[in-house]
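Once you've looked at the hints, dock chain S against the given chain E.
There are 2 protein chains.
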Amino acid sequence: MQYGILGTGSVGQTLASKLVSLGYKVMLGSREKHSEKALIWVHDQGHLAHEGSFADAAHFGEILINATNGTASLTALHAAGAENLLGKILLDVSNPLDFSEGIPPTLSVSNTSSLAEQIQWTFPHTYVVKALNTVNHAVMVNPGLLPEEHTLFICGNNGEAKASIITLLERFGWPFSSILDLGDITNARGMEMYLPLWLRIAGAVHGKPFNIKVVKAE
Amino acid sequence: MQYGILGTGSVGQTLASKLVSLGYKVMLGSREKHSEKALIWVHDQGHLAHEGSFADAAHFGEILINATNGTASLTALHAAGAENLLGKILLDVSNPLDFSEGIPPTLSVSNTSSLAEQIQWTFPHTYVVKALNTVNHAVMVNPGLLPEEHTLFICGNNGEAKASIITLLERFGWPFSSILDLGDITNARGMEMYLPLWLRIAGAVHGKPFNIKVVKAE
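In the order they appear, the protein sequences are chains E and S. Everything in the first sequence is counted per our numbering, starting at 1 for the first residue and increasing by one. Everything in the second sequence is counted per our numbering, starting at 1 for the first residue and increasing by one.
None of these hints come from the bench; they were simulated from the model. Don't take each hint at face value.
To be verified - Calculated cross-link-like contacts (lysine-lysine; reagent style PhoX-like; alpha-carbon spacing at most 20 Å):
1. S:216 with E:216
2. E:208 with S:216
3. E:216 with S:208
To be verified - Just a sample of chain E residues kept apart from chain S, beta carbon distances all over 10 Å, derived:
4. 33
5. 56
6. 161
Just so it is clear, CB atoms sit at the ideal spot from N, CA and C, and this is done for glycine as well.
Isolated chain E (complex conformation) (with noise of 0.2 Å):
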């Protein structure tokens, strides 16, 4: 399996160098081919490591994964080209948090509908899963990190494409038994709009990585 991995942020980075370690080849694009960032980190993955332009890194993909800032996404997506997602699975990790009035963040989108669902509305012959947006990049590909299992929250309209996911989720090191399936692409409605709890919290834990566990009732 090749994966296409859009962005070079500290997300995308960190989401194509678990993906190197685990085998995988990976391509790593961004707006521009040859990005300085995504130079450095072909150079220091090796042979299974490659870079390119949007449009590259999904052609490339056989997954791919949006790792550019939400606000920028679309833009990203579109750059990519809808032929190069056409009838593949796009697991978005990305949060429409807009920081242009400064901080805390707003979300560019939510109440009445989500950025995983803008995607999935804008390129409806693309699998579009939501996952791993409610933990910081590291939590991501090692939920070990944390003393207990917690929960991670998963969402998508295919079957098959959140299966693929959860497997990859699961070689990422998350048990089968704290993944979360909430149902069709408009529960990422929930999933984004817990990004300003999670600030909120995040700060409260002075910045140490946590997640949050579902604790249910027997």
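Coordinates of chain S only, in the frame set by chain E:
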């Protein structure tokens, strides 16, 4: 200590009954005094239980609880009267859920403000504390319903008011270690915007009582 509870729904009645069981005098307030629900509640609860209008309950209580529907809370608090809220602690447990467009509800205020902030701005001489809006009424007064410790968020501008509410929460059964103070009242944005995720988790766990626990790295 005497409590005034605004709202005769399941949340208001559950909190009021718990306070009576702890030995406090409680007045349950509704839009019109002598509402059928309130009269039945008083009859069931005995001599510590009282009922009246929103203004009666706000006048009666030394500590007040807003348990009205979030979209009607400001109207209810205006009916209660600023003079009856003056200098008192108001625990806001409500959520601004708007069901007018059906299920799932949207939030009538979010992203750049919250209901708790609106209440605090409208009644600047009242000590608004937000808590308990992130769990259902059964868990509010019986956190031991769940098989392990889980997290309750609290926020507000006044430290002493928060300390008073934390003492009350401990009497409800919340261990001190389970209560996470997020800071000032603007943090209610995060606590209220968690509701869309709460509603979807509730669906995924098939309506069982639940809550989330913050798990952090050591």
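Determine which of the earlier numbered hints do not hold for this structure and return their numbers in increasing order.
Violated: none.
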